[in-house]
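**Q** Those protein sequence lines, which keep their order, are chains A and B.
Under my numbering, read the first sequence as residues 75 to 391, first letter to last.
Under my numbering, read the second sequence as residues -12 to 232, first letter to last.
Keep in mind that a hint or two might mislead.
To be verified - Each computed BS3-like pair below joins lysine-lysine, with the alpha-carbon atoms no more than 25 angstroms apart:
1. K172/B to K275/A
2. K275/A to K196/B
3. K117/B to K74/B
4. K36/B to K58/B
5. K275/A to K159/B
6. K58/B to K77/A
7. K76/A to K203/A
8. K95/B to K76/A
9. K275/A to K36/B
10. K201/A to K74/B
11. K36/B to K172/B
12. K230/A to K174/A
13. K201/A to K201/B
14. K100/B to K76/A
15. K2/B to K77/A
16. K203/A to K53/B
17. K2/B to K159/B
18. K230/A to K251/A
19. K170/B to K275/A
20. K2/B to K157/B
21. K74/B to K2/B
22. K201/B to K58/B
23. K275/A to K157/B
24. K201/A to K36/B
25. K159/B to K172/B
26. K76/A to K157/B
27. K2/B to K58/B
28. K77/A to K117/B
29. K36/B to K77/A
30. K118/A to K101/A
31. K36/B to K203/A
32. K2/B to K203/A
33. K100/B to K170/B
34. K275/A to K201/B
35. K196/B to K201/A
36. K157/B to K15/B
37. K117/B to K58/B
38. K157/B to K201/A
39. K203/A to K157/B
If you are wondering where the hints come from, they were derived from the structure by calculation, not from laboratory data.
Note that this is a predicted model, so its numbers are computed, not measured.
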Amino acid sequence: MKKHRLINIGLILALLCLSIIAIQTGKVNLMTLDPEIAKTIFYKIRLPRVLAAVFVGSALATSGVILQGLLQNPLADSYTLGIASGGAFGACLAIFLNIKFALTLPTQPFAIVFSYLVIMIVLGLSKAKGDLSSTNVIIAGIITGSFFSAGLSLLKSLADEDVASMVFWLMGNLSSKPMNNVIILGVVVLVGFIVAMRYTKELNIITLGRLEAQSVGIDYDRVYRIMMVTAVTLTGIAVSLCGIIGFVGLVVPHLCRIFIGADNRKVMPMSALLGALFLLTADTLTRTVLQHEIPVGVLTTMVGGPFFIFIFLRKTR
Amino acid sequence: MLFIQNVSIAYGQHKVINDLSLEFQHGKLYGVIGPNGAGKSTLLNAIAKDLHVSSGAIFLNGEDIKHYPSKDYARKLSYMRQRTDVKFPYTVWELVSMGRYAYEGGSKRDHDKIVLEKIRENDLEEYMHKPVTEMSGGEVQRTFFAKILAQDSHVILVDEGLSNADIFHKVKFFEQLQREVAKGKLVIMVLHDLFLARRFCDELVILNKEGIYKAGRSEAVLNRQTLNDVFMVQGDFVNDALVLE
């Protein structure tokens, strides 16, 4: 059997095993509890959390693969284009308005709307400059991202002592997500993944640049827009539900490439699986092993970095 | 037939090509030569639709190239650029396969057969599953040439071609181009090596800053006079080799 298929089967098995373990472990043992309470904990707390970790991990990794391809840059992710900054700004704007004016604006739609706003600005600026080449898009993305990062800092400073709720949101966590939202997340991630898979062949060629892609017959602008919207949707919905969870989108596709090469037809599904596994592992660790639960976004970055360097130094491809 | 009709191309205010008209016939290997900045690559870029012409039009088989849908045009014309960066570790096989994009939907057997054939033709079989990012400059250029051949278009544009390859592969490269031309294809190549231009091209288009200096059969147009007028060197050709005085 082909190498990437074997790896994918291994990842699926590992993901299933870990999900079962993750659902069973926690502060209380579901087996010895009153069945009614156990059921509530299972459906309201454990299951949504495990599913959220799986979906968010997949979403971030998939969007990482797309963005690295579109931007022709193995080091790009949703931060490069300011999508995550936009989403974070949107959510914090909602939090800020809620605190200052005693409103109950939902953070999630704000985050999503601002993610889209960012990408519309980015693509608009690039097009105004000339074309959707990666240089134009990256420059527009960095500028727009910086703008929203600054806006985020402004909100934080204006929030004064209420800044804690923003900071907590920004650090990223997967606890207490309503099941409904998790199901919506799951559906969006699945649809996004299917769309992304449909254009992996084009994505491969787009990494050679706009002109090269057009020369072999790709309708570059159309594919670029579809893939960009897909990546933003995946990032936006993940960020809106769970805050900023760094490193998954950057590192996971990179790791996959080390093992199976650059072909996105293989990299995309493997990244989705590995992203899910990575985030689920990180989240399960934060809530079980450690005495005091830390935000999973902090752990993914702190563990992901050294792990990545380890792999990077050991294997060269 | 490729027909360039009163084409002007400008970058901002700066006109690189001014009211240029040319005709290229199928079944010939054309070389475009001239000093730096004469607009050689710009001409190829315009034919490849990499950039728009400011005025005038380009016709392929009687049809304005603007009107070809992208996949149709990819089957009609391929372009080997001076340099294309490969940022991800694609293998030779994967890269050459990309040349077949315009034919997607065809059988996998045909696809694999053609890709393998072009890889073999360019002596790349032993590197077939090696990432291009780990190969030498000359090998990468040969891989891109294999990709262009896999695209199997009637017109092949080449900017510089195998500039980094060894002499064996350079000569082989021209022989391959001549074989494509013998099949009735049209090859237009920009090159700087005047020896190779005179030795291998059927016809030459000599550009200078003012436009076309001369165009015609290679030996007839590239001579002592041209060297002096266009390239500003004193010398002559002995058995196609350039000898400077």
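**Q** Which hints, by number, does the structure contradict?
**A** 1, 2, 5, 6, 7, 13, 15, 17, 19, 20, 21, 22, 23, 26, 27, 29, 34, 35, 37, 38, 39
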